[in-house]
Amino acid sequence: MAHAPLPLVRRETVDSAPHTAEGQGGPDRFTDVQSSEEFAELRRAQRSFAFPLTVAFIAWYLLYVLLSNYAGGFMGTKVVGNVNIAFVFGLAQFLTTFLIAWWYSRHAAARIDPKAEAIKERLEGDA
Numbered sequence: 492m493a494h495a496p497l498p499l500v501r502r503e504t505v506d507s508a509p510h511t512a513e514g515q516g517g518p519d520r521f522t523d524v525q526s527s528e529e530f531a532e533l534r535r536a537q538r539s540f541a542f543p544l545t546v547a548f549i550a551w552y553l554l555y556v557l558l559s560n561y562a563g564g565f566m567g568t569k570v571v572g573n574v575n576i577a578f579v580f581g582l583a584q585f586l587t588t589f590l591i592a593w594w595y596s597r598h599a600a601a602r603i604d605p606k607a608e609a610i611k612e613r614l615e616g617d618a
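Okay, so the sequence shown: first residue is 492 according to this note's numbering, each after it adds one.
Please keep in mind that the hints were generated in silico from the structure rather than gathered at the bench. Owing to the predicted nature of the structure, the values given are computational and were not obtained by experimental measurement. Any given hint might turn out to be false.
In silico SDA-like cross-links for lysine to any residue, where the CA-CA straight-line distance does not exceed 25 Å [claimed, not checked]: (1) Lys-606 to Glu-528; (2) Lys-606 to Pro-518; (3) Lys-569 to Gly-581; (4) Lys-611 to Phe-530; (5) Lys-569 to Ala-592; (6) Lys-611 to Tyr-555; (7) Lys-611 to Ser-527; (8) Lys-611 to Phe-521; (9) Lys-606 to Leu-586; (10) Lys-606 to Trp-593; (11) Lys-611 to His-598; (12) Lys-611 to Glu-529; (13) Lys-611 to Ala-531; (14) Lys-606 to Arg-535; (15) Lys-606 to Glu-529; (16) Lys-611 to Leu-553; (17) Lys-569 to His-598; (18) Lys-611 to Phe-540; (19) Lys-611 to Trp-594; (20) Lys-611 to Arg-534.
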């Protein structure tokens, strides 16, 4: 049974505050912040950390998967007792994940959070 599509409803924002040149009191202030140099610096700080580390981690993970599939002899090499290279690499994946999370939290606290807080305070001060 086919249903008729729902009609599109345009919702108007409930904004009784007047719009000023600075964009206070309405959605324009968010657009103004987004296009500001301060916000661009915030995005740069986040992206300059997140993108390279994401690419590096995915490459590291794919190396692990590819070695597991195509280099079984190497991955089966015993390191100590019954512990082989595949097991060590698998544990290293977990270790890498936790190290990246720890490193990112330090990076965010030092470089991202102060910038985000300044933007937030400016927006809340304009409200």
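Do the alpha carbons of Lys-606 and Arg-535 lie within 25 Å of each other, as the hint requires? 11 Å, holds
Starting from Lys-606, check that the Cα of Glu-528 is at most 25 Å away, please. Answer holds: Lys-606 to Glu-528 is near 11 Å, not above 25 Å.
Under the criterion that the straight-line Cα-Cα distance not exceed 25 Å, is the pair Lys-611, Phe-540 satisfied? 22 Å, holds
25 Å limit on alpha-carbon distance, applied to hinted pair Lys-611 and Ser-527: Holds: Lys-611 and Ser-527 sit about 13 Å apart, inside 25 Å.
Please verify whether Lys-569 and Gly-581 have alpha carbons no more than 25 Å apart. Holds, because 14 Å separates the two Cα atoms, which is no more than 25 Å.
25 Å Cα cutoff - pair Lys-611, Phe-521: 10 Å, holds
Between the alpha carbons of Lys-569 and His-598, is the straight-line distance 25 Å or under? Not OK: Lys-569 and His-598 at ~37 Å, beyond 25 Å, violated.
Can the restraint linking Lys-611 and Phe-530 be considered satisfied, given a maximum Cα separation of 25 Å? Distance ~11 Å between Lys-611 and Phe-530 Cα, so the pair holds.
Between Lys-611 and His-598, does the CA-CA distance stay at or below 25 Å? Answer holds: Lys-611 to His-598 is near 19 Å, not above 25 Å.
Hint check: Lys-611 vs Tyr-555, CA-CA at most 25 Å. Holds or violated? Distance of about 41 Å is beyond 25 Å: violated.
When you check the alpha-carbon spacing of Lys-611 and Trp-594, does it fall within 25 Å? With Cα atoms ~24 Å apart, Lys-611 and Trp-594 stay inside 25 Å; holds.
25 Å limit on alpha-carbon distance, applied to hinted pair Lys-606 and Pro-518: 21 Å, holds
Going through the hint list in order, the structure does not satisfy hints 5, 6, 9, 16 and 17.
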